[in-house]
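2 protein chains.
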Amino acid sequence: MANSIITISREFGSGGRTIAKKVAEELEYAYYDKEIIEEVAQSTGYTPEYIAEAGEYSPTGNIFSYAFVGRDQSGISAADYLWIAQQKLILDIAKREPCVIVGRCADYILRDMEHVWNIFIHAPLEDRARRIVEKYGERDTSPEKRLRDKDKKRSVNYKYYTDQEWGKSQNYHLTLDSSRLGIDKCTDIITGLVH
Amino acid sequence: MANSIITISREFGSGGRTIAKKVAEELEYAYYDKEIIEEVAQSTGYTPEYIAEAGEYSPTGNIFSYAFVGRDQSGISAADYLWIAQQKLILDIAKREPCVIVGRCADYILRDMEHVWNIFIHAPLEDRARRIVEKYGERDTSPEKRLRDKDKKRSVNYKYYTDQEWGKSQNYHLTLDSSRLGIDKCTDIITGLVH
Numbered sequence: 001m002a003n004s005i006i007t008i009s010r011e012f013g014s015g016g017r018t019i020a021k022k023v024a025e026e027l028e029y030a031y032y033d034k035e036i037i038e039e040v041a042q043s044t045g046y047t048p049e050y051i052a053e054a055g056e057y058s059p060t061g062n063i064f065s066y067a068f069v070g071r072d073q074s075g076i077s078a079a080d081y082l083w084i085a086q087q088k089l090i091l092d093i094a095k096r097e098p099c100v101i102v103g104r105c106a107d108y109i110l111r112d113m114e115h116v117w118n119i120f121i122h123a124p125l126e127d128r129a130r131r132i133v134e135k136y137g138e139r140d141t142s143p144e145k146r147l148r149d150k151d152k153k154r155s156v157n158y159k160y161y162t163d164q165e166w167g168k169s170q171n172y173h174l175t176l177d178s179s180r181l182g183i184d185k186c187t188d189i190i191t192g193l194v195h
Numbered sequence: 001m002a003n004s005i006i007t008i009s010r011e012f013g014s015g016g017r018t019i020a021k022k023v024a025e026e027l028e029y030a031y032y033d034k035e036i037i038e039e040v041a042q043s044t045g046y047t048p049e050y051i052a053e054a055g056e057y058s059p060t061g062n063i064f065s066y067a068f069v070g071r072d073q074s075g076i077s078a079a080d081y082l083w084i085a086q087q088k089l090i091l092d093i094a095k096r097e098p099c100v101i102v103g104r105c106a107d108y109i110l111r112d113m114e115h116v117w118n119i120f121i122h123a124p125l126e127d128r129a130r131r132i133v134e135k136y137g138e139r140d141t142s143p144e145k146r147l148r149d150k151d152k153k154r155s156v157n158y159k160y161y162t163d164q165e166w167g168k169s170q171n172y173h174l175t176l177d178s179s180r181l182g183i184d185k186c187t188d189i190i191t192g193l194v195h
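Residue numbers (our numbering), protein chains in the order written: chain Y, 1 to 195; chain X, 1 to 195.
Check before you lean on any hint, since a few could be wrong.
Put simply, identical chains are the same to the list, so a pair is met inside one copy or across any two.
[Claimed, not checked] Simulated pairs of lysine-lysine, DSS-like, Cα-Cα distance not exceeding 30 Å:
(1) Lys135 x Lys88
(2) Lys185 x Lys21
(3) Lys168 x Lys153
The set of hints was computed from the structure by calculation and includes no laboratory data.
Generate the whole structure from the sequences, applying the supplied hints.
Dropping the structure here:
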């Protein structure tokens with residue numbers, strides 16, 4: 001039987017990553033988030049920082065994306081090359097073991113597999129602003145602007161690679177407002193899907 | 001303490017109404033769907049059929065919406081007049097008793113009230129097509145076209161009155177794919193919100 005896979009996409013500051021970790025712990029599933037970046041770094045030779053950055057920008061909007069063109073053999077952009085490597089890795093991971101995968105368009109990449117649950121976590125802007133200041137501290141730019149920029153990047157990147165709308169309910173089996181429901185209730189609902 | 005209210009918006013053919021009824025039964029909440037249309041008919045003098053129709057069209061897209069102008073005292077369109085009557089009724093209902101309200105932009109109308117849970121139910125087009133043929137029979141137009149027309153009307157009507165996107169996950173506390181989750185699991189997750 002195919003492995004159960006839970007993909008979690010999330011708005012920045014919604015606590016989606018915390019929920020994903022808790023779900024993985026409770027279900028005793030493997031957890032993939034930055035681990036994906038590290039594995040892609042190993043297989044491609046790019047730095048984890050560059051890969052993390054590329055994953056949040058759409059290639060069309062990223063002036064750096066062609067800076068490395070020619071490192072791969074096919075003449076495609078660095079960002080597209082990384083996308084292909086990441087896509088292959090996520091498909092491999094899904095065959096490897098039951099797991100929770102955070103972000104990286106995994107919902108779209110695994111769309112043809114059975115037993116995949118696609119979840120989106122969001123929360124109102126003001127709650128997310130409070131959360132990122134508590135977690136990452138104050139910055140020069142306001143937390144609201146930081147959130148809008150980050151959401152915009154994720155949304156454009158997702159659209160570029162999947163041709164779908166990020167956060168549109170129809171793309172997910174379940175979407176949750178983590179602010180209203182709370183972290184524990186979100187975790188319970190998600191773990192309840194595979195029980 | 002304010003009443004707990006569950007609003008359920010749904011794609012046509014997703015089984016959202018069936019889920020809403022089950023939730024109301026299990027929680028022993030009042031259930032409002034066509035009941036709203038009948039109460040608005042009583043208070044305004046319009047026929048239930050006209051009100052049902054108006055609730056699915058945006059006034060700008062409905063050539064009939066000005067046919068009755070002048071029946072109210074203010075010179076506003078019939079559709080806007082009905083919207084105001086419906087809005088007032090939904091606010092009254094919410095104060096009356098714990099309840100489940102299906103459609104009619106109730107999520108938006110009750111946005112400033114406490115203890116309101118906003119849910120959106122959707123399902124893939126092919127599953128909804130099968131469902132509406134089972135439920136309502138074949139028609140001259142294909143089930144896919146009937147679904148797209150109905151979704152479009154609901155979406156445009158919702159946008160006109162709320163200035164929000166119908167089905168956008170951020171507008172709801174919870175959205176569910178009823179096809180993947182099944183009617184009973186959806187019912188359990190929703191009743192679990194208020195337990």
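Hints, one by one, checked against the model:
{"no.": "1", "hint": "Lys135 x Lys88", "result": "neither (32 Å within a copy, 42 Å between copies)"}
{"no.": "2", "hint": "Lys185 x Lys21", "result": "both (14 Å within a copy, 23 Å between copies)"}
{"no.": "3", "hint": "Lys168 x Lys153", "result": "both (16 Å within a copy, 18 Å between copies)"}
Checked against the numbered hints above, the structure breaks only hint 1 and satisfies the rest.
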